[in-house]
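S.K.: Heads up: the sequence lines are chains A and B, in that order. Here my numbering is used: the first residue of the first sequence is 1, the next is one more, and so on. Here my numbering is used: the first residue of the second sequence is 350, the next is one more, and so on.
Don't read these hints as lab results, they were simulated from the structure. Keep in mind the model is a prediction, meaning the values are calculated, not measured. Each residue gets a CB set at the ideal place from its N, CA and C atoms; glycine is no exception. Do not rely on the hints blindly, as some may be mistaken.
Unchecked claim - Under the rule of at most 35 Å between Cα atoms (straight-line distance), these lysine-lysine pairs were calculated in the DSBU-like manner: (1) Lys648(B) x Lys162(A); (2) Lys162(A) x Lys473(B); (3) Lys271(A) x Lys444(B); (4) Lys95(A) x Lys507(B); (5) Lys328(A) x Lys624(B); (6) Lys507(B) x Lys299(A); (7) Lys109(A) x Lys95(A); (8) Lys507(B) x Lys275(A); (9) Lys90(A) x Lys511(B); (10) Lys158(A) x Lys511(B); (11) Lys511(B) x Lys271(A); (12) Lys158(A) x Lys477(B); (13) Lys439(B) x Lys648(B); (14) Lys90(A) x Lys507(B).
Stated by the list, open to error - Which residues of chain B face chain A? A partial, calculated answer using Cβ under 7 Å: (15) Thr463; (16) Ser560; (17) Val645.
As the list claims (entries may be wrong) - Computed beta-carbon distance windows for the label pairs: (18) Asp452(B) x Asn344(A): 39 to 47 Å; (19) Ser617(B) x Arg224(A): 18 to 26 Å; (20) Gly91(A) x Ser617(B): 30 to 38 Å; (21) Arg224(A) x Gly481(B): 52 to 60 Å; (22) Lys95(A) x Ile351(B): 50 to 58 Å; (23) Arg176(A) x Ile384(B): 45 to 53 Å.
The primary structure of each chain is shown beneath.
2 protein chains.
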Amino acid sequence: MISSLLSAAAGHSVDHVPVWFMRQAGRSLPEYRRIRGSGSILDIVHSADLAAEITLQPVRRYGVDAAILYSDIMVPLAAVGFGIEITQGKGPYVKEPFRSESDLARLRKLEPETDMPFVIETVKLVVKELRGSETPLIGFAGGPFTVASYLIEGGSSKDYIKTKTLIRTDPLLFDRLMDRLAVMAVDFLTAQVNAGAAAVQIFDSWAGVLSAAEYERFVLPPVRFIMDNIARLGAPRIYFSLSASHLLGHIATTGCDVMSVDWRMPLSAVKNQLKDTPLSVQGNLDPTYCFAPWEVLRKEVLQILAEGGGIGHIFNLGHGVLPGTDPKVLHRIVELVQSVAPENLVKQV
Amino acid sequence: MISSLLSAAAGHSVDHVPVWFMRQAGRSLPEYRRIRGSGSILDIVHSADLAAEITLQPVRRYGVDAAILYSDIMVPLAAVGFGIEITQGKGPYVKEPFRSESDLARLRKLEPETDMPFVIETVKLVVKELRGSETPLIGFAGGPFTVASYLIEGGSSKDYIKTKTLIRTDPLLFDRLMDRLAVMAVDFLTAQVNAGAAAVQIFDSWAGVLSAAEYERFVLPPVRFIMDNIARLGAPRIYFSLSASHLLGHIATTGCDVMSVDWRMPLSAVKNQLKDTPLSVQGNLDPTYCFAPWEVLRKEVLQILAEGGGIGHIFNLGHGVLPGTDPKVLHRIVELVQSVAPENLVKQV
Chain A
1 MISSLLSAAA GHSVDHVPVW FMRQAGRSLP EYRRIRGSGS ILDIVHSADL
51 AAEITLQPVR RYGVDAAILY SDIMVPLAAV GFGIEITQGK GPYVKEPFRS
101 ESDLARLRKL EPETDMPFVI ETVKLVVKEL RGSETPLIGF AGGPFTVASY
151 LIEGGSSKDY IKTKTLIRTD PLLFDRLMDR LAVMAVDFLT AQVNAGAAAV
201 QIFDSWAGVL SAAEYERFVL PPVRFIMDNI ARLGAPRIYF SLSASHLLGH
251 IATTGCDVMS VDWRMPLSAV KNQLKDTPLS VQGNLDPTYC FAPWEVLRKE
301 VLQILAEGGG IGHIFNLGHG VLPGTDPKVL HRIVELVQSV APENLVKQV
Chain B
350 MISSLLSAAA GHSVDHVPVW FMRQAGRSLP EYRRIRGSGS ILDIVHSADL
400 AAEITLQPVR RYGVDAAILY SDIMVPLAAV GFGIEITQGK GPYVKEPFRS
450 ESDLARLRKL EPETDMPFVI ETVKLVVKEL RGSETPLIGF AGGPFTVASY
500 LIEGGSSKDY IKTKTLIRTD PLLFDRLMDR LAVMAVDFLT AQVNAGAAAV
550 QIFDSWAGVL SAAEYERFVL PPVRFIMDNI ARLGAPRIYF SLSASHLLGH
600 IATTGCDVMS VDWRMPLSAV KNQLKDTPLS VQGNLDPTYC FAPWEVLRKE
650 VLQILAEGGG IGHIFNLGHG VLPGTDPKVL HRIVELVQSV APENLVKQV
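Chain A with its partners taken away, still in its complex shape:
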């Protein structure tokens, strides 16, 4: 039997709307905190046994409809030696940020088999564990803009001044950087799918800080390149961005199969904007809702299911699980989503 996630991604009917959570693995789980040790995220990722175990923890605890590889969007950059550190809760730190053309030389082609055998091994271990269940593993990569912003800013940013200034000062250099990162994403995703991942998600979280015009000029072509070059793998392609209500029309043309949106617009309005491009949608519970009283949260989950219409909808948060989220709440959301018959959803609006 095909998994509900893969069916929903293809717009086919499902016996329940599939549900998983961005950042479902990791810091919010006590079983993660017990085994993670004191190392950096990169240390964990380098240990296939540990990373596989962390990937599987939320599947066991919540019964979510997909596992997502425990890793980080900067892992391929670390693997080619760009000089990345990733500390828990603080995001990536780039020792020598990308500044000029000479830094392109630091972005050699990723050779997954030799640069990150641990990632391939993790995927294989997870897929082996999941064999016999209907639960697919989602592989992932960072969107080229989001990865570029870390490389250029040196870490998290509020205003993205350096990134945007590079775009406007040397647009062709920015294009070349984006091209390298797009190829790297293709290689990273291909390796994960070849090792057994059944779907992929591109996390382009920060692309929403760009104007529609800049997104179209600088981000759309490399994202389309990624989508085109992984199409032959047959794994559904999910594209996620945040605060991107102004970009939906462009994102619809990237070639993605599923558009993952935040909570700002109701899913019915998103679908309505996409009516010429029948994509599936993923989302879109505001992760702060997990701190609301259950009855309020329950109503919101049902509302989102109704907005999603039961077909072509993967239930998820609009952004990652927040630190401090009670795992019991996530478990109740999974049970609720899986308990609703999709054929009843259209009537509930």
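Keeping the supplied structure of chain A fixed, place chain B upon it in accordance with the hints.
M.R.: Same frame as chain A, but now just chain B:
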């Protein structure tokens, strides 16, 4: 002769598109840094002479088409004794955040004449200085959601968990808080207009973190209350929010005269969405563009002027002037905007 800003706000023809900058006064100006001293923002605001001088500095330096009162959206809260500190560059800090119904008692009615005579005095000093010029003074207040978020979070926030959790846990208490803040905004704005401010802007910067449904339920009514209750003053009402592309339809119904938008959507697309509500628009240069080479920035300014169409457009940034912005660049933008004949703008697209 009526000022270009007031004409543009009313949708009338202008001899040039008016231009001013959010945060044009303050930290980016050397003449500000020379006189500000080492006190907090509140210390400066309490000195009418100093605040008036700081308000006027960018008018002298740039020849902008409006002054905006140098103050802070939290000043009325400080004035009623809520316990606010505002440090340069770090934003407001609330010593005892809003937690429960009992905190409503800490939000007594603002009596501008006795609670903040220094603000009224500052407005009068500025207006006196500007007399004879066509330059109006813009008064302002914080949008109730944005002010509420500071009161509840205790300061700046990334995820607004506490604010959103209050909305969902005790919506009626949140409504009461918003009502108090709306009345406070009306009293604050009325005092400024009565003292001579010719237009007002409501800074609701963080409202864009809400879903369209939550904005409609919790923010739209109090904002509409403010707009309705200051309408009789006859001062154009500008409403600013950030990352609010999903809220344009709702914002159009607040009763504002001018919608101030960020850089995410082109002004032509904003105007197109508002075609049933002929509002003026304000914006929308990405403030990071001030770090771009002049030729690139120049092209973007001209593009924005073209998108604005010359009528019903006030040129501004999409958010405040960033620290580190070169005042010379802002000056060149003013000169450029003021040099373009509005009647030529439609053809330039």
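S.K.: Does lysine 473(B) lie within 35 Å of lysine 162(A) when you go C-alpha to C-alpha?
M.R.: Outside the cut-off at roughly 41 Å; violated.
S.K.: Given valine 645(B) as an interface hint, is its Cβ closer than 7 Å to any Cβ of chain A?
M.R.: holds (5 Å)
S.K.: Quickly compare the C-alpha distance for lysine 648(B) and lysine 162(A) to 35 Å and report which way the hint goes.
M.R.: Holds, at about 20 Å.
S.K.: Has the given pair, lysine 507(B) with lysine 275(A), been kept, meaning a C-alpha gap of at most 35 Å?
M.R.: With Cα atoms ~33 Å apart, lysine 507(B) and lysine 275(A) stay inside 35 Å; holds.
S.K.: Evaluate the given range 18 to 26 Å for the C-beta pair formed by serine 617(B) and arginine 224(A).
M.R.: holds (25 Å)
S.K.: Verify the CB-CB distance for lysine 95(A) and isoleucine 351(B) against the hinted window 50 to 58 Å.
M.R.: Holds - the Cβ-Cβ distance for lysine 95(A) and isoleucine 351(B), about 57 Å, lies within 50 to 58 Å.
S.K.: Checking one constraint from the list: CA of lysine 158(A) to CA of lysine 511(B), max 35 Å. Satisfied?
M.R.: holds (21 Å)
S.K.: Within a Cα-Cα threshold of 35 Å, do lysine 90(A) and lysine 511(B) meet the stated pairing?
M.R.: holds (21 Å)
S.K.: Going straight from one Cα to the other, do lysine 507(B) and lysine 299(A) come out at no more than 35 Å?
M.R.: holds (25 Å)
S.K.: Does the Cβ pair glycine 91(A), serine 617(B) satisfy 30 to 38 Å?
M.R.: holds (36 Å)
S.K.: Quick one, are lysine 158(A) and lysine 477(B) close enough, alpha carbons at most 35 Å?
M.R.: violated (39 Å)
S.K.: Hey, lysine 90(A) versus lysine 507(B), does the alpha-carbon distance stay inside 35 Å?
M.R.: holds (13 Å)
The structure fails hints 2, 3, 5, 12, 15 (numbered hints given earlier, in ascending order).
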